[in-house]
Amino acid sequence: MERLPARSLILAIDDDDMVRLMLQEILQREEFDVICAANGKQGLALAASERPNLVLLDVMLPDLNGFDCLQAIKNMPGNSLLPVVMLTGMDDLESVNRAFQLGATDFIPKPLNWPTLPHRLRYLLRSVATLEELARSEAELRQAQKIAQLGSWYWSVADDHMQWSEEVFNILGTTRSSFEHKCRDLYKSVHPSEVGKLQQAMDLCVKNQRSFRLELPVTHHDGGNHVIHIQGKPVVDDEQVSHIHGTLQDITERRDIEERVRLLSYYDPLTGLPNRTLFKEVLAQAMSYCTRYGTVISTLFISIDRFKRINETLGPKIGDQVLKLFAERLLVEVRDCDYISINADYDFADMTVSRLGGNEFTVLLNHIEDTRDSVKVAKRIFHAMQQAFPVDNTELFLGISIGIAVYPGDGQDEDSFIKNGEFAMNHASEHGHNNYQFFSKSLNVAAFHKLAMENSLRRAIERDELQLYYQAKINIRHQQVVGCEALIRWQHPELGLIGPSQFIPIAEDSGLIAQISDWVLENASRQALDWQQSGLCQGLVMAVNVSATQFRQYGFGNHVREVLSNIGLEPRYLKLELTETILLDHIDDALITLRELQALGVKISIDDFGTGYSSLSYLKKLPISELKVDHCFVRDLPHNEDDMAITAAILALADALSLEVVAEGVENEDQANFLLDSGCEVVQGFLYNKPMPAGEFAAFVVRFNSRTLITGQV
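Counting along the sequence shown from 1, when you hit position 701 you're at 701 in full-length UniProt numbering, and nothing is skipped either side.
Mixed in with the good hints, there may be bad ones.
To be verified - Label-pair ranges, simulated between beta-carbon atoms:
hint	residue 1	residue 2	range
1	Arg-309	Tyr-266	29 to 35 Å
2	Glu-180	Arg-292	48 to 54 Å
3	Asn-75	Asp-392	40 to 46 Å
As the list claims (entries may be wrong) - Mimicking SDA-like on lysine to any residue, the simulated pairs with C-alpha atoms at most 20 Å apart in a straight line are:
hint	residue 1	residue 2
4	Lys-308	Lys-376
5	Lys-317	Asn-393
6	Lys-317	Glu-31
7	Lys-280	Glu-360
8	Lys-690	Val-520
9	Lys-317	Val-391
10	Lys-233	Arg-276
11	Lys-233	Leu-198
12	Lys-188	Thr-175
13	Lys-620	Met-18
14	Lys-324	Phe-382
15	Lys-379	Ala-327
16	Lys-317	Asp-203
17	Lys-41	Glu-25
18	Lys-188	Leu-214
19	Lys-74	Val-85
20	Lys-74	Val-96
21	Lys-376	Lys-324
22	Lys-308	Ala-327
23	Lys-324	His-431
24	Lys-419	Gln-285
25	Lys-419	His-431
26	Lys-317	Leu-125
27	Lys-621	Leu-600
28	Lys-621	Glu-641
29	Lys-324	Tyr-293
Hints listed in this document are in silico derivations from the structure and should not be mistaken for laboratory results.
Note that the coordinates shown come from a computational prediction; the quantities given were computed from them, not determined experimentally.
The beta carbon of each residue, even a glycine, is placed where N, CA and C say it ideally should be.
Taking the hints into account, I'd like the entire structure generated from these sequences.
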């Protein structure tokens, strides 16, 4: 495979200052060289002068649109295979199709997934390098065919006289001295097993007056095996074939290239195992065999548990090594298994184990007598994988999950069978490491459970089952609680206390989210007023999360005004937290609502900042007062250089725009100290307190702030 340069050069063309800054910070740390352009004309100039290895191109540019810029780049000499990745917030199919029609290599929607972007670009560069190598091979073949003269032959039927051009001797690997000017000269050059096929083609050409084309193996005098393409065309005289004119060409190289293409299409390049495409073909044939002969097959769907963590902590290079070692061990174990039989036209001994993609593998068991055989194989695989995997001077222990699907019964076609097998595999994963599960229709009980949850949720508000918990926002420089965030919980009468991750998605799907969001806003505001009046939490700002549905409701600004007016809470004590996606979807309408809230005196915070667009251009437009650094960037501080760079960039951005910053997910002193040293004074997280009911929270605030006054901490 073509090797990538030590440092690939990335050209980023984007008018968004923040995007360019983030790309330079992150990609340079991942050993890419990055050059940036703020508009299309500048980008085209850099593309022509610097010859980048890959271009990241924004669709929306101030001078040229991204599609015109893409077309201009692809039209530059030598850029036919240059990978161009389109960056855009547009998600319509027409834009995607147009980008690919103009030669785009990939299409990445904004907001960008910063942690995975470098890995995606590496794999894209590797894929393009492979295509370039293949294109070079094909070009060499075309050039060889162009400059080489095809061998020609001429056979007179009446006197069995044959003449060859000089090139035929080279193609067949024979010499002129062995040439007898007879048709048998051609026959004896072909592999003995194929002589009959050639003789029949020649006879039918004379008899039926029709041309023929054949591909035949030949053995040179040096012992080498070649494949030739031979074709003949009859010459008719007085309604009879008097002569046959033909050509001969060595197509061995073309066959080799076709085999390489086949390998790329049907086999996983990392492990050498059949890929998903080939597995589906083999599975379809196995299913057809079962239907015809009344047999049974079973497939084990195997996933490596928490493989993503290996990639994130040790890097994709180590992850690839783990996958290769896992595949090798799986092959050895399956090859020695007694429960795999061979039938049909495919060589199932080579195709039993496949890699569907990522960390997912399959083992196809053919013609099993008892489904318990599947369990025996699964247990053997569990046992084999218990041993450590030696990787890069360390030992890794892997947990796996296995889903088992049986045909007939668990799917009518390949797609449904694979879907059900993967469903069983995921179900096994939920039950812990080294667990197997058969697919069963009863697993679909989860869908009925979701429906039951939705019905219960509809009555949760009227039954007063929803509760608010509160988590403190703490100024760690002054050691004072300065605010809190209201977080919803559901006290289910049968299931107990349920977190939002379990029922908010159901609320969004069912249309209940707006009603629940309004309930949170009203009750959190009422609680803030109670604390103000009781003197327990003076000056605390209450933060409330706003759902997309709630924010986009007509008159949301007036609704907030009415809630605060009815309750009696001053607007300056309310902060609304919205995600970047909510703000940028229909930004013109969002700006109107935000300005209404700003005029009212309510503060606006962007939640999970850094995971969305993170664009300077929209930050300058929006009337916001605070950015919240997402916990995914805080989690590995101060040990992850990428997270440190991203966090530092966000803090610098906030400082430049005079915005407040809150870091969420702070769980240890190292994180808090890094944030404080970097200029972030307000945090929230388990290091200080977990979300708690109103009474417990008020007591915590009094206790925490009183401790600060007593000890004199500043």
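Hints, one by one, checked against the model:
1. Arg-309 with Tyr-266: 29 to 35 Å: Holds, since Arg-309 and Tyr-266 (Cβ atoms, about 30 Å apart) stay within the stated range.
2. Glu-180 with Arg-292: 48 to 54 Å: 52 Å, holds
3. Asn-75 with Asp-392: 40 to 46 Å: 44 Å, holds
4. Lys-308 with Lys-376: Measuring from Cα to Cα gives roughly 28 Å; hence the hint is violated.
5. Lys-317 with Asn-393: Cα-Cα ~14 Å, so holds.
6. Lys-317 with Glu-31: Status holds; Cα separation ~14 Å.
7. Lys-280 with Glu-360: 14 Å, holds
8. Lys-690 with Val-520: Holds - the C-alpha atoms of Val-520 and Lys-690 are around 19 Å apart, at most 20 Å.
9. Lys-317 with Val-391: 10 Å, holds
10. Lys-233 with Arg-276: With a Cα-Cα distance of about 43 Å, the restraint between Lys-233 and Arg-276 is violated, given a limit of 20 Å.
11. Lys-233 with Leu-198: 14 Å, holds
12. Lys-188 with Thr-175: The hint holds at about 13 Å.
13. Lys-620 with Met-18: Status holds; Cα separation ~11 Å.
14. Lys-324 with Phe-382: 17 Å, holds
15. Lys-379 with Ala-327: 17 Å, holds
16. Lys-317 with Asp-203: Given that 20 Å is the threshold and the Cα spacing comes to 59 Å, the pair is violated.
17. Lys-41 with Glu-25: 24 Å, violated
18. Lys-188 with Leu-214: 16 Å, holds
19. Lys-74 with Val-85: Distance ~12 Å between Lys-74 and Val-85 Cα, so the pair holds.
20. Lys-74 with Val-96: 17 Å, holds
21. Lys-376 with Lys-324: Violated - the C-alpha atoms of Lys-324 and Lys-376 are around 24 Å apart, more than 20 Å.
22. Lys-308 with Ala-327: 17 Å, holds
23. Lys-324 with His-431: Given that 20 Å is the threshold and the Cα spacing comes to 26 Å, the pair is violated.
24. Lys-419 with Gln-285: Given pair Lys-419, Gln-285 holds - Cα atoms ~18 Å apart, limit 20 Å.
25. Lys-419 with His-431: Judged against 20 Å, a Cα distance of about 19 Å means the pair holds.
26. Lys-317 with Leu-125: 15 Å, holds
27. Lys-621 with Leu-600: 18 Å, holds
28. Lys-621 with Glu-641: Violated - the C-alpha atoms of Glu-641 and Lys-621 are around 30 Å apart, more than 20 Å.
29. Lys-324 with Tyr-293: Violated: Lys-324 and Tyr-293 sit about 36 Å apart, past 20 Å.
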